[in-house]
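Protein chains: 2
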Amino acid sequence: MAETSTDCDTETFRENNKVVKNILFIMCDQLRWDAMSCSGHPSLETPHIDALADRGVRFNRAFVQGAVCGSSRMSFYTGRYVQTHGARWNQVPLAINQVTMGDHLRKLGVRTALVGKTHMRADLEGMARLGLGEGSDEEFFLRECGFEVVERDDGLHPETRGSSELAYNQFLWEKGFTGKNPWHSAANSVLDENGNTISGWLLRAAPYASKVPESVSETAYMTDRAIDFIQSAGEERWCLHLSFIKPHWPYVAPAPYNDIYRDAEIPPPNRSSEELADQHPVLHAMRHSRIGRAMSRPDARRLVIPTYLGLVKQIDTNLGRLFGKLKELGREKDTMIVFTSDHGDYLGDHWMGEKDWLNEEIVRVPMIIVDPRNAADKTRGTVTNKLVEAIDLLPTFVESLGGASKEPEQWLEGESLIPILHHDASTKRSSVISEADWGFLEMTKYLSGVQVPRAARATMIRNDRYKYILSEVGSNLLYDLDEDPNELCDRGDDLSMRTIRNDLHEELFEWFRHRRHDSTNNDLFMQMTSAPGSAARQGIPIGYWDEQELEAGLQGKLY
Amino acid sequence: MAETSTDCDTETFRENNKVVKNILFIMCDQLRWDAMSCSGHPSLETPHIDALADRGVRFNRAFVQGAVCGSSRMSFYTGRYVQTHGARWNQVPLAINQVTMGDHLRKLGVRTALVGKTHMRADLEGMARLGLGEGSDEEFFLRECGFEVVERDDGLHPETRGSSELAYNQFLWEKGFTGKNPWHSAANSVLDENGNTISGWLLRAAPYASKVPESVSETAYMTDRAIDFIQSAGEERWCLHLSFIKPHWPYVAPAPYNDIYRDAEIPPPNRSSEELADQHPVLHAMRHSRIGRAMSRPDARRLVIPTYLGLVKQIDTNLGRLFGKLKELGREKDTMIVFTSDHGDYLGDHWMGEKDWLNEEIVRVPMIIVDPRNAADKTRGTVTNKLVEAIDLLPTFVESLGGASKEPEQWLEGESLIPILHHDASTKRSSVISEADWGFLEMTKYLSGVQVPRAARATMIRNDRYKYILSEVGSNLLYDLDEDPNELCDRGDDLSMRTIRNDLHEELFEWFRHRRHDSTNNDLFMQMTSAPGSAARQGIPIGYWDEQELEAGLQGKLY
Numbered sequence: 002m003a004e005t006s007t008d009c010d011t012e013t014f015r016e017n018n019k020v021v022k023n024i025l026f027i028m029c030d031q032l033r034w035d036a037m038s039c040s041g042h043p044s045l046e047t048p049h050i051d052a053l054a055d056r057g058v059r060f061n062r063a064f065v066q067g068a069v070c071g072s073s074r075m076s077f078y079t080g081r082y083v084q085t086h087g088a089r090w091n092q093v094p095l096a097i098n099q100v101t102m103g104d105h106l107r108k109l110g111v112r113t114a115l116v117g118k119t120h121m122r123a124d125l126e127g128m129a130r131l132g133l134g135e136g137s138d139e140e141f142f143l144r145e146c147g148f149e150v151v152e153r154d155d156g157l158h159p160e161t162r163g164s165s166e167l168a169y170n171q172f173l174w175e176k177g178f179t180g181k182n183p184w185h186s187a188a189n190s191v192l193d194e195n196g197n198t199i200s201g202w203l204l205r206a207a208p209y210a211s212k213v214p215e216s217v218s219e220t221a222y223m224t225d226r227a228i229d230f231i232q233s234a235g236e237e238r239w240c241l242h243l244s245f246i247k248p249h250w251p252y253v254a255p256a257p258y259n260d261i262y263r264d265a266e267i268p269p270p271n272r273s274s275e276e277l278a279d280q281h282p283v284l285h286a287m288r289h290s291r292i293g294r295a296m297s298r299p300d301a302r303r304l305v306i307p308t309y310l311g312l313v314k315q316i317d318t319n320l321g322r323l324f325g326k327l328k329e330l331g332r333e334k335d336t337m338i339v340f341t342s343d344h345g346d347y348l349g350d351h352w353m354g355e356k357d358w359l360n361e362e363i364v365r366v367p368m369i370i371v372d373p374r375n376a377a378d379k380t381r382g383t384v385t386n387k388l389v390e391a392i393d394l395l396p397t398f399v400e401s402l403g404g405a406s407k408e409p410e411q412w413l414e415g416e417s418l419i420p421i422l423h424h425d426a427s428t429k430r431s432s433v434i435s436e437a438d439w440g441f442l443e444m445t446k447y448l449s450g451v452q453v454p455r456a457a458r459a460t461m462i463r464n465d466r467y468k469y470i471l472s473e474v475g476s477n478l479l480y481d482l483d484e485d486p487n488e489l490c491d492r493g494d495d496l497s498m499r500t501i502r503n504d505l506h507e508e509l510f511e512w513f514r515h516r517r518h519d520s521t522n523n524d525l526f527m528q529m530t531s532a533p534g535s536a537a538r539q540g541i542p543i544g545y546w547d548e549q550e551l552e553a554g555l556q557g558k559l560y
Numbered sequence: 002m003a004e005t006s007t008d009c010d011t012e013t014f015r016e017n018n019k020v021v022k023n024i025l026f027i028m029c030d031q032l033r034w035d036a037m038s039c040s041g042h043p044s045l046e047t048p049h050i051d052a053l054a055d056r057g058v059r060f061n062r063a064f065v066q067g068a069v070c071g072s073s074r075m076s077f078y079t080g081r082y083v084q085t086h087g088a089r090w091n092q093v094p095l096a097i098n099q100v101t102m103g104d105h106l107r108k109l110g111v112r113t114a115l116v117g118k119t120h121m122r123a124d125l126e127g128m129a130r131l132g133l134g135e136g137s138d139e140e141f142f143l144r145e146c147g148f149e150v151v152e153r154d155d156g157l158h159p160e161t162r163g164s165s166e167l168a169y170n171q172f173l174w175e176k177g178f179t180g181k182n183p184w185h186s187a188a189n190s191v192l193d194e195n196g197n198t199i200s201g202w203l204l205r206a207a208p209y210a211s212k213v214p215e216s217v218s219e220t221a222y223m224t225d226r227a228i229d230f231i232q233s234a235g236e237e238r239w240c241l242h243l244s245f246i247k248p249h250w251p252y253v254a255p256a257p258y259n260d261i262y263r264d265a266e267i268p269p270p271n272r273s274s275e276e277l278a279d280q281h282p283v284l285h286a287m288r289h290s291r292i293g294r295a296m297s298r299p300d301a302r303r304l305v306i307p308t309y310l311g312l313v314k315q316i317d318t319n320l321g322r323l324f325g326k327l328k329e330l331g332r333e334k335d336t337m338i339v340f341t342s343d344h345g346d347y348l349g350d351h352w353m354g355e356k357d358w359l360n361e362e363i364v365r366v367p368m369i370i371v372d373p374r375n376a377a378d379k380t381r382g383t384v385t386n387k388l389v390e391a392i393d394l395l396p397t398f399v400e401s402l403g404g405a406s407k408e409p410e411q412w413l414e415g416e417s418l419i420p421i422l423h424h425d426a427s428t429k430r431s432s433v434i435s436e437a438d439w440g441f442l443e444m445t446k447y448l449s450g451v452q453v454p455r456a457a458r459a460t461m462i463r464n465d466r467y468k469y470i471l472s473e474v475g476s477n478l479l480y481d482l483d484e485d486p487n488e489l490c491d492r493g494d495d496l497s498m499r500t501i502r503n504d505l506h507e508e509l510f511e512w513f514r515h516r517r518h519d520s521t522n523n524d525l526f527m528q529m530t531s532a533p534g535s536a537a538r539q540g541i542p543i544g545y546w547d548e549q550e551l552e553a554g555l556q557g558k559l560y
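Residue numbers (our numbering), protein chains in the order written: chain A, 2 to 560; chain B, 2 to 560.
Derived from the structure by calculation, the hints contain no laboratory data. Hints are not guaranteed to be accurate.
To be verified - Straight-line C-alpha distance at most 20 angstroms; calculated SDA-like pairs for lysine to any residue:
hint : chain 1 : residue 1 : chain 2 : residue 2
1    : A       : K446      : B       : M529
2    : B       : K108      : B       : S137
3    : B       : K429      : A       : V453
4    : A       : K108      : B       : M128
5    : A       : K558      : A       : R517
Using the sequences and the accompanying hints, generate a full structural model.
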């Protein structure tokens, strides 16, 4: 079984190079890979995130497995592709047999705690079928995606969830804000120039400041809870998942962040008129749906993007606070820090808004890892273009915290990133996969030919040069990212690229065949079963002619 | 939800054509599709099975989903393909989230009982993870594949299992047989002409009679338990799974069945010298493994097949007893009878023994259904060549017992056979799928190039004319069953058939993509989520510009 280190003082952790003591696993929601200064944004400044990149490795080509919060996050939390864990979109429950980050890390003696969002829906039907009543640890973890809940905030409907999610509303009430759900009516609403309240859900609210001051905003509050946790945990080992809702909608920032980038340079939209005329049924429906139309309006980007950037800036500032506290506590030396996002935001690129499709704007995410161990010194400050996936984080965590990276091979589908972090070594991965299930979107109703909602999906495979999208509705798509890094020209019907498409199609087929659905099986068991003489020794001597043969078989001499 | 009929008297069941009262679900183990007189065997006589065919529909092209007991049975019991349920071979546990026949039928108020074999291994690790302690109904059903256990007999190691499996040994002890495991030392061992005991596992034992008389043999004993159950159940509704071990190895029959077919005509072996020279790595290894070599010996078929036929004859005779009792109790009129098998037996065909590969000898099975309702009168005595699968039985049962056939669509992957039984109607199915995982076999050790045991598998798609086998090791195979019904000529490298192979390859890819791994999801939920205005009404009004748009959205007028 996994090695559990009990030798936990900080210097040992740093110097023995074997394990890290803690992991601070930070996730933003809907943060694009290019919305950081270290990844080249022309006006946004994120010095604290950039400082992480200076101290660690920035993965410039990191991809999430799902094109929407729920499916993407369940891949982060289970280390498995969407096709394997099955929670294909928001609100699709995570089946009770799925093993989570908490299951893997608690075995190593590590508290696995949550501050913020998981977007996980519990499989209540599955729990009821097994008679799992309330009150046990197991039942709690099944409800909370395997995490010990310090603070849960899915950023939606806090009033309809359990008490664990009421805390931020309670905090706002204590600060004098009123109403049934001040998460919405105060923190995510604004006052216009006439003093009228506008719901932050409406795009026209974006330029105004939130009704709450920065110090009581959701981002600041969650950062405070993370600091509280780290302080109170003392010398216990932990993996803390600090999971911000922002810069996800509602696009509402507290002062001064609503205004900082109001007049800043924002890159021109990545879109072409040819795209708008494209008749691919799925892309056409997305671009002409309400969200696509809204974010394609000439004024939309100017309205929304400065607020979006302000929200990122606010996260960066709060991370500065958090990292300062980590240093003050001496935890910087023994804590691995991971910074990433669950997916991006079209923000009008490709004439789309939101997410749910497979362009780089959505499935390519920020990913920075700071490994405090000496073994990682030689890669500090480097940027790698190696293709990595969200599911690579959990095996990285298991290995870093002292587990055997390959032990739970029937569960984890990713690859530990330690070889890259320690040696800039190459990995087995030559392509990445993402999945998009758009059949949950309202546009589906207006798209003919979708007989079976669950077939309204697409699967992307992307290697160093090409991105191929197998679309269950409409034609398949291909982009040559060397020639067309902005994905403006679909080569799905280019005869000269037929072999490339066929090869990627076949690679995807192979990927589908080898998902680890057979989670009760594993290679070790198969090797034991197929060992010469194994069946005979278990009392199932099939196909032996006589006693002499059986004796030879029992000794493994006859197969 | 499903309709539950409380109106259970026999005449109502027969005449209202809505539901059947009970289902007698009989399964043999390792019974080939052609080992019945009604399917054309030249010497075997199975009058009681033939009588079922006269009263119902015989499915002449019925296929199992797995090429070995465990995986095939889990497909029967879950209504899902092997790729979906994940229990890919014997002893691979059925994951706790898999919903079984018992789950589906108990909801309809139907006792779902077992007499005999399931070959199911419980997912003890999964149960422990959820803290499922002993003693609850849920825990019992998880351990017993969803069945109420009247008598469990997996035909192996009864001495090492729980008390539920000791019953047959107990019975043998009471009859005066001794030893730790009289299942083996008495019922499945023989006395040779010199009075020496030979273990029935050894092929050389096949011609001798079992040490126990027929009346206390395993087949007779299980038939008795089924009769006991039906008598004691009275007017309760039930689905009884009577699951014989035979004619599975050990090839031991009690007198006189060991001798009835000793000199009978047995069909010549279905094999060619070209096959023996075939260098396909998997087929070569199978043919040259111990079991392949044993069953290829000139004397093997003459030794084993008469015993195999005798075991089938014995089952037929016992079924005659059972059907007589059913008639006597009046249950014949309100009970659907299903007769099938979990897979076949090579018996030396293709120079192979046992199973674990995808020829018709293995994956094509007997399937006869007698539907007692008037609605089925016009198909009685017919034989259909429509392609059907083992997973079609569970939706047939659900519908026949009064459930909505489509209700649990996220669970069931088959298609109800009622349209065929009542109208000889066509179905959606144009091909069938079977999967073989040979990486558990001892031959694997001697086969180079198998780096990952779990990749040692193959998937078959078969339509009316062709059978295509995608083999993860070695080349893919193709048979033209019109020109080569005996599958003696692999056309996998025939250039003229490239388009046919490509089309079947692509059809398999589509099949892999659409397995129902996302069992917590369903089309109804997707339709609700994608309804116009649905997200806004749930408090997530994404992409609305202003109050006017939101109002239109809430009313479903804007998408």
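Handout entry: Violations among the numbered hints, reported as their numbers in ascending order
Key = 5
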